[in-house]
Amino acid sequence: MLATLIRLLGDFDLAEEAQQEAFAAALEQWPLHGVPANPRAWLIGTGRNKAIDRIRRDILFRTKIAGELGASEAGVEALDAADEEIFGDDRLRLIFTCCHPALNQEAQIALTLREVCGLSTQAVARAFLTGEETMAQRLVRAKKKIRDAGIPYETPEPGVLEHRIEGVLAVVYGVFTEGYAATVGTQLIDVELCEEAIRLGRLLDTLLPDHAGVMGLLALMLLHDARRASRTSDSGDVVLLENQDRAQWNRNEISEGLALVDRSLSIRGQLSAYAVQAAIAALHVRAEDSGATDWPQIVGLYEVLLRLQPTPVVELNHAVAVSMVDGPARALDLIDSLTARGRVTQYHLLHAARGRLLQKLGRMNEAREAYRSALSTTMLEPERRFLAARIASIQGICEAPPVSG
Amino acid sequence: MNYLLLIYANEAEITGLSETALQKVVAEYADFTKSIVQSGNFKAADRLKAVSSASTVRVRNGKIAITDGPFAETREQLGGYYLIEAKNLDEATAIAARIPGARFGSIEVRPVWLPMT
Numbered sequence: 001m002l003a004t005l006i007r008l009l010g011d012f013d014l015a016e017e018a019q020q021e022a023f024a025a026a027l028e029q030w031p032l033h034g035v036p037a038n039p040r041a042w043l044i045g046t047g048r049n050k051a052i053d054r055i056r057r058d059i060l061f062r063t064k065i066a067g068e069l070g071a072s073e074a075g076v077e078a079l080d081a082a083d084e085e086i087f088g089d090d091r092l093r094l095i096f097t098c099c100h101p102a103l104n105q106e107a108q109i110a111l112t113l114r115e116v117c118g119l120s121t122q123a124v125a126r127a128f129l130t131g132e133e134t135m136a137q138r139l140v141r142a143k144k145k146i147r148d149a150g151i152p153y154e155t156p157e158p159g160v161l162e163h164r165i166e167g168v169l170a171v172v173y174g175v176f177t178e179g180y181a182a183t184v185g186t187q188l189i190d191v192e193l194c195e196e197a198i199r200l201g202r203l204l205d206t207l208l209p210d211h212a213g214v215m216g217l218l219a220l221m222l223l224h225d226a227r228r229a230s231r232t233s234d235s236g237d238v239v240l241l242e243n244q245d246r247a248q249w250n251r252n253e254i255s256e257g258l259a260l261v262d263r264s265l266s267i268r269g270q271l272s273a274y275a276v277q278a279a280i281a282a283l284h285v286r287a288e289d290s291g292a293t294d295w296p297q298i299v300g301l302y303e304v305l306l307r308l309q310p311t312p313v314v315e316l317n318h319a320v321a322v323s324m325v326d327g328p329a330r331a332l333d334l335i336d337s338l339t340a341r342g343r344v345t346q347y348h349l350l351h352a353a354r355g356r357l358l359q360k361l362g363r364m365n366e367a368r369e370a371y372r373s374a375l376s377t378t379m380l381e382p383e384r385r386f387l388a389a390r391i392a393s394i395q396g397i398c399e400a401p402p403v404s405g
Numbered sequence: 001m002n003y004l005l006l007i008y009a010n011e012a013e014i015t016g017l018s019e020t021a022l023q024k025v026v027a028e029y030a031d032f033t034k035s036i037v038q039s040g041n042f043k044a045a046d047r048l049k050a051v052s053s054a055s056t057v058r059v060r061n062g063k064i065a066i067t068d069g070p071f072a073e074t075r076e077q078l079g080g081y082y083l084i085e086a087k088n089l090d091e092a093t094a095i096a097a098r099i100p101g102a103r104f105g106s107i108e109v110r111p112v113w114l115p116m117t
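Protein sequence lines correspond, in order, to chains A and B. So the first sequence is numbered by the working numbering: it starts at 1 and just counts up by one. So the second sequence is numbered by the working numbering: it starts at 1 and just counts up by one.
Source of the hints: derived by calculation from the structure; they are not laboratory data. Do not take every clue at face value.
Below are the BS3-like pairs computed for lysine-lysine, each with C-alpha atoms no more than 27 Å apart in a straight line [what the hints assert, rightly or not]:
1. B:K49 - B:K24
2. B:K43 - A:K145
3. B:K87 - A:K143
4. B:K87 - A:K145
5. B:K43 - B:K24
If you're wondering where the values come from, they're calculated on a predicted model, not measured in any experiment.
Can you build the whole structure from these sequences, using the hints too?
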């Protein structure tokens, strides 16, 4: 409904106020007169009329807006025959507007969470551990850019849609990854963010069916979220994949995710990097226990992913998979070659991975140093505890008296 | 809405072009300008002389200071502009993308305030 009001009124803030006034009017009138035959059309018409009244009182807008709104009187009648498609189209328009490339990435994510997901400004601020005032300012600036630059409330033309969808998927992925593994704070997982991202993914899948990238991303999110319950202990400590209790995994999300991966990968000529990542996640969840994991297939999939997305993160994950097939020394070579190229010094997961590999090779002093680097580059409490414990256990090994005899 | 499309490019790279390459770019600009005149988006355009011909004026405390060169040294320099009318930012950026200079430089798309009537 908000999306439709935004389209009709051409302004986020105006639409939000109109929506609230419409709800208030409904709460007053429906108990007295009964619920109208088409409640949504009633709300939208009421919201729009209240906004028009407000606008007419505002001299600045009179000449510009009132003329345009007069022209769409017919719009309300059309809404009487409203079906899901009209509202769906407006929601899609809203998503594309919030994720417009002329807005910076942070603004896109903040605006999407606020306007599409309906999170309060406070909740969005909390999710990204910024102050509420800072987040409010970010939203104000984003909306100002939309107004000043004339960013349209439109779904892109077919020719550009494919390119613009990538931006939307990147926003949804950004929201999910922040929820899946926070970068700062005391909690590893932000459940609300994960759920919002998945909800967005489902909405996109409904509005843009059979899209390889959309299905791939939704599959990826579901297959990761399925393991949520087992990823932290009761005290909030990190539990590694190999130690997770697979009985706690969400079987519904898993089967939904597996079906989506298959459908995404079956669409010819549209290989999505998200789908490849999801296929890797699928191999993990399909294994009955960590020992049964098909690591060679995973390595193969990472090699496909590397061709699509040659980023340090993917290289690192590839190296970790390689260690499970070819041993820690080979994987260490790959990681050291990655660090030699100088793009990733502050990435704590890289140092942690090096630490584990060095530990497996018995190079304890170096392992401890690697864990220390990881500790100094992570701001997440559960991760810090995990790394501190690793360091302590190595200290224990190094300081234990040698076994005699 | 009106948009000013500011064409930035690295001058050294352009002066390094061969005579034929330069002619080709000039012809491409002529075609582009004609097309947006026909589509009704064109309002104005000019090619600017090189940045070496620029002078910068500042008035501080009533004193006029004129200095040689552009307002700041930048990696890409302003070489020309188009003033266009477009429905919204998407139409403006689509037009900007067709400017020949977009292939090797940067086109800044700046919305213009409507004149006070």
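Here is what the structure says about each hint:
no.: 1; hint: B:K49 - B:K24; in the structure: holds, 19 Å
no.: 2; hint: B:K43 - A:K145; in the structure: holds, 24 Å
no.: 3; hint: B:K87 - A:K143; in the structure: holds, 18 Å
no.: 4; hint: B:K87 - A:K145; in the structure: holds, 16 Å
no.: 5; hint: B:K43 - B:K24; in the structure: holds, 24 Å
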